[in-house]
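Engineer: Chains S and V are the protein sequences, given in the same order.
Under my numbering, the letters of the first sequence match residues 390 to 539, in that order.
Under my numbering, the letters of the second sequence match residues 390 to 539, in that order.
No wet-lab data here; the hints were simulated from the structure.
Treat the hints with care, since some could be wrong.
Because identical chains cannot be distinguished in the list, a pair is counted as satisfied if it fits within a single copy or across any two copies.
In silico lysine-lysine, DSSO-like type, Cα no more than 27 Å apart, as pairs [what the hints assert, rightly or not]:
(1) 539 to 462
(2) 415 to 522
(3) 423 to 529
(4) 477 to 529
Chain residues, written in single-letter form:
Number of protein chains: 2
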Amino acid sequence: MKSLLSIVLVILTSQLSYSQTYTGGKEDIDHILKNTVLFSTYIKDSNYKMIGASYTNDAKIFPNNRDIIEGTKDIIAYWTLPDGVSIKHHKVVSNEIKILGDEAYDYGTYEGTTLLKNGKEVSWKGKYVIVWKKIDGIWKMYLDIWNSIK
Amino acid sequence: MKSLLSIVLVILTSQLSYSQTYTGGKEDIDHILKNTVLFSTYIKDSNYKMIGASYTNDAKIFPNNRDIIEGTKDIIAYWTLPDGVSIKHHKVVSNEIKILGDEAYDYGTYEGTTLLKNGKEVSWKGKYVIVWKKIDGIWKMYLDIWNSIK
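Please construct the entire structure, taking both the sequences and the accompanying hints into account.
Structural biologist: In structure tokens, the structure reads:
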């Protein structure tokens, strides 16, 4: 296993400091970062086909207070919103990505805003760990677990 | 990356079916499985020194409704129980472990019982993803995230 590229960016603001560490080939890292942005777009667009395609066929997701959910059909069912509800904002920030051959782990934080039927907005944030797999040259999520930040 | 060993055990009961898939060298798999059992022992014994030593120095844990907690000191503080509270039962079942060189991912379920000050017991269960790292020949948890199963 070679680490072709290791980027450490330390971003300091007046309020907080955090670091981003991406280890692996630039092409793989860029591919995963791009897929992360695309996933937020699919969520905001309620593009369930592409949400499903973002995961491997045998992927597992781990929503709080639920059993492990496995496979494209059940994963799409989980993400499918009730009529009249939409996601107005969705953003993922990866703190670390490490490529290990055709697999990778990734952790970071997310935030979003849900627009409810009654017009009210609910904002939320959390943290996640994803295990990615490269399937036929395409990085897809294999394990996706998250929980809230208060 | 070689998969020296791939074990698939399908355990069928009258109520449920689940599979355990362990991919990697037998020594590494056994080491991680042993550490998983030991971790439950440390939790039940409130052995905070060994709980801390079960994680890498730069480990991150992801408890629900909290920020990411990083490093041995803060991780031990998280696991430290209030006086008079103890963990009577703690068990982890790994559905999959995959060794990727000196790193590995692992997911599965856990269950436990907390004995409260007033003598009452509270049982709970959940699911987890762990990223392990082999540090000086010892497998330790680097990322540890979990959430509840209702």
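Engineer: Determine for every hint whether it applies to the structure shown.
Structural biologist: Structure-based check of all given hints:
1. Taking the closest pair of Cα atoms, residue 539 and residue 462 come within 27 Å of each other only across two copies (22 Å); inside a single copy the shortest separation is 30 Å, beyond that limit.
2. Taking the shortest alpha-carbon separations for residue 415 and residue 522, both the intra-copy value of 16 Å and the inter-copy value of 23 Å come in at or below 27 Å.
3. Taking the shortest Cα distances, residue 423 and residue 529 sit within 27 Å of each other inside one copy (11 Å), while across copies they are farther apart (31 Å).
4. Taking the shortest Cα distances, residue 477 and residue 529 sit within 27 Å of each other inside one copy (24 Å), while across copies they are farther apart (39 Å).
Against the hints set out earlier in the document, no violation occurs for any number.
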